[in-house]
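Chemist: In case you want the letters, here they are:
Protein chains: 2
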Amino acid sequence: MKLAIYGYGNLGKGVEYAVLQNPDATLTGIFTRRDPATVHPAGNIPVYPAKEILKHAGEFDVLIICGGSATDLPEMTPLLAQSFNVVDSFDTHANIPLHFDRVNLAATGGGHTALISGGWDPGMFSLARLYASAILPEGQDYTFWGRGVSQGHSDAIRRIDGVLDARQYTVPVPAAVEAVRAGKNPTLSTREKHTRECYVVAAPGADKARIEREIKEMPNYFADYDTTVTFISAEEMKQNHMGLPHGGSVIRTGKTGNGNRHVIEYSLKLDSNPEFTAGILVALARAVDRMNKRGRTGCLTIFDIAPADLSPLSPAELRKKML
Amino acid sequence: MKLAIYGYGNLGKGVEYAVLQNPDATLTGIFTRRDPATVHPAGNIPVYPAKEILKHAGEFDVLIICGGSATDLPEMTPLLAQSFNVVDSFDTHANIPLHFDRVNLAATGGGHTALISGGWDPGMFSLARLYASAILPEGQDYTFWGRGVSQGHSDAIRRIDGVLDARQYTVPVPAAVEAVRAGKNPTLSTREKHTRECYVVAAPGADKARIEREIKEMPNYFADYDTTVTFISAEEMKQNHMGLPHGGSVIRTGKTGNGNRHVIEYSLKLDSNPEFTAGILVALARAVDRMNKRGRTGCLTIFDIAPADLSPLSPAELRKKML
Numbered sequence: 001m002k003l004a005i006y007g008y009g010n011l012g013k014g015v016e017y018a019v020l021q022n023p024d025a026t027l028t029g030i031f032t033r034r035d036p037a038t039v040h041p042a043g044n045i046p047v048y049p050a051k052e053i054l055k056h057a058g059e060f061d062v063l064i065i066c067g068g069s070a071t072d073l074p075e076m077t078p079l080l081a082q083s084f085n086v087v088d089s090f091d092t093h094a095n096i097p098l099h100f101d102r103v104n105l106a107a108t109g110g111g112h113t114a115l116i117s118g119g120w121d122p123g124m125f126s127l128a129r130l131y132a133s134a135i136l137p138e139g140q141d142y143t144f145w146g147r148g149v150s151q152g153h154s155d156a157i158r159r160i161d162g163v164l165d166a167r168q169y170t171v172p173v174p175a176a177v178e179a180v181r182a183g184k185n186p187t188l189s190t191r192e193k194h195t196r197e198c199y200v201v202a203a204p205g206a207d208k209a210r211i212e213r214e215i216k217e218m219p220n221y222f223a224d225y226d227t228t229v230t231f232i233s234a235e236e237m238k239q240n241h242m243g244l245p246h247g248g249s250v251i252r253t254g255k256t257g258n259g260n261r262h263v264i265e266y267s268l269k270l271d272s273n274p275e276f277t278a279g280i281l282v283a284l285a286r287a288v289d290r291m292n293k294r295g296r297t298g299c300l301t302i303f304d305i306a307p308a309d310l311s312p313l314s315p316a317e318l319r320k321k322m323l
Numbered sequence: 324m325k326l327a328i329y330g331y332g333n334l335g336k337g338v339e340y341a342v343l344q345n346p347d348a349t350l351t352g353i354f355t356r357r358d359p360a361t362v363h364p365a366g367n368i369p370v371y372p373a374k375e376i377l378k379h380a381g382e383f384d385v386l387i388i389c390g391g392s393a394t395d396l397p398e399m400t401p402l403l404a405q406s407f408n409v410v411d412s413f414d415t416h417a418n419i420p421l422h423f424d425r426v427n428l429a430a431t432g433g434g435h436t437a438l439i440s441g442g443w444d445p446g447m448f449s450l451a452r453l454y455a456s457a458i459l460p461e462g463q464d465y466t467f468w469g470r471g472v473s474q475g476h477s478d479a480i481r482r483i484d485g486v487l488d489a490r491q492y493t494v495p496v497p498a499a500v501e502a503v504r505a506g507k508n509p510t511l512s513t514r515e516k517h518t519r520e521c522y523v524v525a526a527p528g529a530d531k532a533r534i535e536r537e538i539k540e541m542p543n544y545f546a547d548y549d550t551t552v553t554f555i556s557a558e559e560m561k562q563n564h565m566g567l568p569h570g571g572s573v574i575r576t577g578k579t580g581n582g583n584r585h586v587i588e589y590s591l592k593l594d595s596n597p598e599f600t601a602g603i604l605v606a607l608a609r610a611v612d613r614m615n616k617r618g619r620t621g622c623l624t625i626f627d628i629a630p631a632d633l634s635p636l637s638p639a640e641l642r643k644k645m646l
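Line order of the protein sequences matches chains Z and V.
So the first sequence is numbered by this note's numbering: it starts at 1 and just counts up by one.
So the second sequence is numbered by this note's numbering: it starts at 324 and just counts up by one.
Chain Z with its partners taken away, still in its complex shape:
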């Protein structure tokens, strides 16, 4: 299958690496809103201006859109799905139904296939929730995130006056995870599930006490959590906090028969959130390509993809080697 990338930030770079690991995939181009001369792919891949993408119709089977969920994807995906098969990683959970409807209209009209909200949450964690609830109907789900960098929370700290740089780690509370794994079905408040660790580089002379107070009192982002703020130097930030690790667990506990208990857990420990997400997007692009060729158009999610369609192996090979 021939793929193209639309947007070359951390996620786009991850997709470029992921294509190299999939022998059945080739990358025909990278589309960017920046000046193409300033974009330097890791490999020898042509870079085109985003606005000229319609000139490249027919050169690739699936376009992987690597934009942000706040403002990019709500515009980009419906627009591009009119002309191409597309995959995105839209992750604003509350707006998924609206995004789905808009993309579905666009893709159906053009006879294209679109997959939205690929990644690990939404994505693999959503699958873990669906499978576990279908096979263990009487039970309870818990999702824990981290330890990992939340880019949204890091950005929120950076917007505070006097902050030069910041990194925020979301950390599950170990006692809460253990209580869930032990099948105790605890009722957990937001504060009891996760803590937030903030590493902040302050401007020279900035009022650190005020910055710390503004972080800890920020509604939605930090006020409902036990938050720690550690001021560090720009050098320490560069040495110890440049990675984008993440992960977490989806755990479902439930009962069958006469009180037999079961625990299902799906967990991820990732050195690079964008590179891992990129691997999922490439596998989803494979399924989108196959489903489009079978005539299945419109918008899909990972819930609609038969697992076999994600794999480069044939159904017979899969049954022999993996079943």
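Treat the hints as calculated values from the structure; they're not laboratory data.
It should be emphasised that the depicted structure is a prediction, and the values quoted were computed from it without experimental measurement.
It is possible that some hints are incorrect.
To be verified - To give an idea of the chain Z side of the interface with chain V (calculated C-beta under 8 Å), a few residues:
#: 1; residue: Phe100
#: 2; residue: Leu130
#: 3; residue: Tyr131
#: 4; residue: Leu136
#: 5; residue: Thr256
#: 6; residue: Ile264
#: 7; residue: Ser267
#: 8; residue: Leu270
#: 9; residue: Ala306
Stated by the list, open to error - Computed beta-carbon distance windows for the label pairs:
#: 10; chain 1: Z; residue 1: Arg296; chain 2: V; residue 2: Ala417; range: 32 to 40 Å
#: 11; chain 1: Z; residue 1: Ser314; chain 2: V; residue 2: Asn418; range: 15 to 23 Å
#: 12; chain 1: V; residue 1: Ala498; chain 2: Z; residue 2: Asn10; range: 35 to 43 Å
#: 13; chain 1: Z; residue 1: Ala57; chain 2: V; residue 2: Ala498; range: 51 to 59 Å
Beta carbons are placed, not taken as given, at the ideal position from N, Cα and C, and that holds for glycine.
Starting from the known structure of chain Z, fit chain V onto it as the hints suggest.
Modeler: Quick look at chain V alone, frame taken from chain Z:
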């Protein structure tokens, strides 16, 4: 959906319980090769002789076949798939391709839909292997089973002269699991992955030293493992070893980009192997019913099932609540 059960052992009983937890499912009958008068379902469900099943065509949408993989299912599933939509839990990994072909021929001829090898391994563990390898192509898979009762190994011990009863637990070696989770990609021999714990009730006056030796030297079953044999009383067996717990983990570790490491783990901890397996079979029956009504006939495996088809929720509800 209307379901029926063919075979009423531990798994069949589990299916009866599982149907009660799925409000969209009803059980129309249990078919047994025993005298129906000797079979007592937990609920008020009619019991019919297995050989009269053709008289009940049209009374149910999907038949869940609860037989053994050694001799029952290779005969039963192809035969029954000629006349009914069926689900089985055939688990002899090496013979899956042959079983698939035979069931596919039978189901296709009759316009029916069959799903084979449902359960957790093959089944949910197979899915974990497929998803993880598709999204992390450069990596390595490990499957650990247990701590749990292996019925095949327990039966093998029971066939030894002088043994009245036996229970065999398969136990993963903790150091091996930890090395895999830590991403060390160890090369593990059979002996290094699992140990086998045997609890044996010997006949009065039996030669325990000989029984222990026969167990430990049994090829395929025990010779390649570190095996411990503990002789216990029939009373202790009844008190402490009547459950059928099981579980295990599928772990894939791999790399992306410039050496970033990732760990994906799917794990189960089950009080009752047959009851948990039954929950999976009922969810698979839901998908078989839907796919048959859409005209998809022939043999399927869990790899061919779009996850949404396992859930009683609509696609829109799933996107809103679980994605």
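Chemist: Now tell me, hint by hint, if it's right for this structure.
Modeler: How the hints compare with the structure:
no. : hint                            : result
1   : Phe100                          : holds, 6 Å
2   : Leu130                          : holds, 5 Å
3   : Tyr131                          : holds, 6 Å
4   : Leu136                          : holds, 6 Å
5   : Thr256                          : holds, 4 Å
6   : Ile264                          : holds, 6 Å
7   : Ser267                          : holds, 5 Å
8   : Leu270                          : holds, 5 Å
9   : Ala306                          : holds, 5 Å
10  : Z:Arg296 / V:Ala417: 32 to 40 Å : holds, 34 Å
11  : Z:Ser314 / V:Asn418: 15 to 23 Å : holds, 19 Å
12  : V:Ala498 / Z:Asn10: 35 to 43 Å  : holds, 36 Å
13  : Z:Ala57 / V:Ala498: 51 to 59 Å  : holds, 55 Å
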